[in-house]
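These protein sequences, in sequence, are chains A and B.
According to the numbering used here, the first sequence is numbered sequentially starting from 18.
According to the numbering used here, the second sequence is numbered sequentially starting from 18.
To be clear, the hints were calculated from the coordinates, so they are not data collected in a lab.
Quantities reported herein were computed from a predicted structural model and do not represent experimental measurements.
Cβ coordinates follow ideal geometry from the N, Cα and C atoms, glycine included.
Check the hints yourself; a few may be wrong.
Covered stretches of chain A, going by a simulated chain B footprint (3 or more residues, C-beta under 8 angstroms) [as the list claims (entries may be wrong)]:
1. 146-160
2. 395-407
3. 490-504
Selected chain B positions facing chain A (in silico; Cβ < 8 angstroms) [what the hints assert, rightly or not]:
4. 408
5. 488
6. 518
Here are the computed distance ranges between Cβ atoms for each label pair [stated by the list, open to error]:
7. A:33 - B:539: 23 to 33 angstroms
8. A:375 - B:539: 46 to 56 angstroms
9. B:278 - A:378: 49 to 59 angstroms
10. A:395 - B:558: 29 to 39 angstroms
11. B:278 - A:210: 55 to 65 angstroms
12. A:110 - B:136: 38 to 48 angstroms
13. A:251 - B:441: 57 to 67 angstroms
14. B:273 - A:135: 51 to 61 angstroms
15. B:539 - A:29: 20 to 30 angstroms
16. B:190 - A:138: 40 to 50 angstroms
There are 2 protein chains.
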Amino acid sequence: MRRFFPILDWGRSYGREALVNDLVAAVIVTIMLIPQSLAYALLAGLPPETGLYASIAPLLIYAIFGTSRSLAVGPVAVASLMTAAAVGGLAQQGSPEYLGAAMALAFLSGLLLLAMGFLRLGFLAAFLSHPVISGFITAAALIIAAGQLPPLLGLSARGETLPELALALLGQIDRVHLPTLAMGLLVLAFLFWSRSRLGGLLARIGVPAGPARLITRAAPVLAVAATTAAAFGLDLGGAGVALVGEVPRGLPRPALPPLDPGLWMQILVPALMISVVGYVESISVAQTLAARRRQRIDPDQELIALGASNLGASVSGGFPVTGGFARSVVNHEAGAETPAAGAYTAVGMALATLVLTPFLYYLPKATLAATIIVAVLSLIDPGALRRTWRYSRTDFTAMALTLGVTLVAGVEIGIILGVLASLVLHLWRTSRPHVAVVGQVQGTEHFRNVLRHEVVTDPAVLSLRVDESLYFPNARFLEDCVQDQVARNPALRHVVLMCPAVNDIDASALESLEAMNARLRAGGITLHLSEVKGPVMDRLRRSHFLDDLSGEVFLTQFDAMCRLSPGLTRATAAAPRCETDRQALAGAAR
Amino acid sequence: MRRFFPILDWGRSYGREALVNDLVAAVIVTIMLIPQSLAYALLAGLPPETGLYASIAPLLIYAIFGTSRSLAVGPVAVASLMTAAAVGGLAQQGSPEYLGAAMALAFLSGLLLLAMGFLRLGFLAAFLSHPVISGFITAAALIIAAGQLPPLLGLSARGETLPELALALLGQIDRVHLPTLAMGLLVLAFLFWSRSRLGGLLARIGVPAGPARLITRAAPVLAVAATTAAAFGLDLGGAGVALVGEVPRGLPRPALPPLDPGLWMQILVPALMISVVGYVESISVAQTLAARRRQRIDPDQELIALGASNLGASVSGGFPVTGGFARSVVNHEAGAETPAAGAYTAVGMALATLVLTPFLYYLPKATLAATIIVAVLSLIDPGALRRTWRYSRTDFTAMALTLGVTLVAGVEIGIILGVLASLVLHLWRTSRPHVAVVGQVQGTEHFRNVLRHEVVTDPAVLSLRVDESLYFPNARFLEDCVQDQVARNPALRHVVLMCPAVNDIDASALESLEAMNARLRAGGITLHLSEVKGPVMDRLRRSHFLDDLSGEVFLTQFDAMCRLSPGLTRATAAAPRCETDRQALAGAAR
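Just chain A, same shape as in the assembly:
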């Protein structure tokens, strides 16, 4: 019971101190969340109030099911972009069908997340490697930022990829609305200044670091308030500046998304991708914040909590939600102690829909565009490409491919190709494992690569260390490798496969080993194994391989050499240790 309802855990010991801390955090997060939720609704191509709606029910639900004490769920930039991409092709923006499809997307995402949670399929999220996520997030952030240029310029161009956006912008470039642009640049300059300088200024006038950080984070609210007031006072709407306009007042009315099987089939793949990307984003934030206070996150329960939150978003007129990075950090730094802080934030957002909506009429869209640009630019990590290039060419390839394809072909193709590329590259890499010929380090029981260390070897014994699990992509490679070595060494009488790095031998590799054993035996060469891991040995015992093996299985490579090349080991090591070792380990070994 407590596994599925973490609220029963922390709710029991909920005291006055936690209440105060949670309330303070909730007020701060609410202030930050109002402009964000409006902006991300516009980014998703939806009416602004849906952003407010998506920040009420999901937060209440996450407070019941979530295991993170700091995570703040709601609309986020990347999921909103993915929503726009998924729904954009199905319905006309602004139509009831468009909103219905977005609600259905949230519903289906919720169901998929719940199913993954109950089936404990959280490991599926691991298929998104860090380089793929990093490349994808950077590309998505660039598309989002570029997509904010039209509202900032007073234009209406739209596009889901960089080339589409660039073409649409070029076609309208002669219609730039200068008052909108001037105001947008002003907001942008203010937001950048408050990010980089406001903190220092506040410190100089004596504000402590913690509150200073929170004030800095609230800068977008100041921009929203100021430009809304200016639009009202100076009649910017009359001057042609695009305003948010009428926002319905009041709480969302519960409604089911359209139950159209054709629609659901069309959004199945996007829903799966939004679920997985959102989950990965959310769990990373949750784990990072939990580690700071030595708390635990349950990855499978998080799937359930996010699934339920998305179902809540769907039936309350919202769109797909997940845990957001910036607002969770603010929640954490503002002192939130339990998920109750999220519930209080939901109450704050509900009050906003009741009280603030009349004022939102005068909010310029360019202000929201500027806040989005500043928010997503922090998602772009230009150093990641360079770091990954230096560390691993295959990881770099996956990252660059994801980034490039996402930019030019869109978010869905980008992430699918990225995942496929990382899988194929992984298999390619393991299909040619590192295989080292090893020899004994003089005076020790260690065996090392003959190419890297000074070691002694016996021409009659070939010791090969395979630095990879033996499984289908590399099964034939090892056969080829041994065949090459055998052809090169006419004096050879024994082959020892040293297996400390062989973590698994699958059925394909077992067949290869059987073939190798038969071929070597036909050529008068004995095949041995050494340092086979316990689980691998357990499994080999369930096959006929050990009965057919022409040689032996040795506990250590040193034991193997003691037996197969006693002269050599006696010369290089303290001979009696062979026997001692073997006796000491014999019981434990087989």
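Chain B: place on chain A using the hints.
Just chain B now, with coordinates in the frame of chain A:
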């Protein structure tokens, strides 16, 4: 030059003895190949003569480019079934479009194989794991055998899956043609008898084992000759027994396949699958036979040879070909010494198109059906399922899924799902690696799993051996694992990750290690590594990880314990060895 034209290698030393041996083998293979090539053409839904054509040009071309001295290429059962499945949906059987599509399929397969050969992509074939191939071949053989029941019963039912075939057969079951059935059963009984008993009979009358095996293999030819004669003498055609009918006399006329881009797009995926399945089948046969005589096969050159052979099949009116198992074994056992034997076989087949075609008019189709059934039943390996189940549940799952899906949904979906399943199962397996807490085996320098061996440990030092490469599917798993262990052991001051089985650390895992290092450091725990492999260490040096690591990297786990828990190691091992070891290895190590 010699790499691409192996004929330049063996052709130089081609002598009289090899000529005689190759000629003998060619005669025997030709006799065996005539009924086979007719039968597989019918299986592919094509006119019988195309089978003869597909056994001429490809053999000549393989003799120039092939590296196997025993492989006999030509039409094979599984590729013919896949051809029927790919082309069946595109054109009416018997129409020129059907033949054109089959030729285009061979052409595209040839191009794909050539491209894979030049790009050295032979490793892609490794994606077909043994369990997937085994399940697929068994299912294909069952479908092929079931598909021969209609001609054996004198019916015309067709189907590409078992359910389709069963339904079609049930619909016609009242129209069984008894004379056809009687003759078919007679042939079937004769073929089974010759397989199981003829060898013993021949041995008893003094025929040596070698020739006896070859005579046994020629039994289908005897059946073909006898039933053809019976059909002619007894006018079985007039009695309603289906005969092969008119077969055009003479050599194939060269012609390009239709160059229709729409058609080529439709057959791209089937062509890729036929290429890869055919290649895997062919290379396995080639390597098995080469190993018997200690010869080498070049896997990339084999791609080129098979690609060129398929291009040859395409432009000479044939369909996709590959190396066949049974006929290659016969070729090998009959004494073929070089690929020239294949060229002589091609000459024999060409003579057959000139001389034998008038006689084929009277060949009953039921005879060919019977020879196919007997041939493919040897491909079915019922023990494989049981063996794989005992050895590995994941491999069994992949095998059973491939087998089941192929039987009920067809060859294309079957193999695609099989490959995907084996990939996902592999990732699932490695996403939860075996992680062992290790301790020191008394009196040795060995460290083993505390759960399997009697070892000593120090409560302040946690030594974890990770039995898997660290990469994206398991990056987060290790973090969770360490966090659990740390939460359980309050006395902990050091964590040592023992990495002899870590063959790779990708960018995702590197980020996890960095996060783990930071979290442990914040909790006053030092993170160390031991027994890191050379290539992994080289790569870590290219990142910032080693600069940030709170602890050290030790060459051996014994060194790590000497430093971190000197009391323990002194008590359990000969203490001076610590220093000796460290000095002896210091130079070579870092």
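Hint-by-hint comparison with the structure:
| no. | hint | in the structure |
| --- | --- | --- |
| 1 | 146-160 | holds (count 3) |
| 2 | 395-407 | holds (count 3) |
| 3 | 490-504 | holds (count 9) |
| 4 | 408 | holds (5 angstroms) |
| 5 | 488 | holds (6 angstroms) |
| 6 | 518 | holds (5 angstroms) |
| 7 | A:33 - B:539: 23 to 33 angstroms | holds (29 angstroms) |
| 8 | A:375 - B:539: 46 to 56 angstroms | holds (48 angstroms) |
| 9 | B:278 - A:378: 49 to 59 angstroms | holds (56 angstroms) |
| 10 | A:395 - B:558: 29 to 39 angstroms | holds (30 angstroms) |
| 11 | B:278 - A:210: 55 to 65 angstroms | holds (57 angstroms) |
| 12 | A:110 - B:136: 38 to 48 angstroms | holds (44 angstroms) |
| 13 | A:251 - B:441: 57 to 67 angstroms | holds (60 angstroms) |
| 14 | B:273 - A:135: 51 to 61 angstroms | holds (57 angstroms) |
| 15 | B:539 - A:29: 20 to 30 angstroms | holds (28 angstroms) |
| 16 | B:190 - A:138: 40 to 50 angstroms | holds (46 angstroms) |
In this structure, none of the earlier numbered hints is contradicted; all agree with it.
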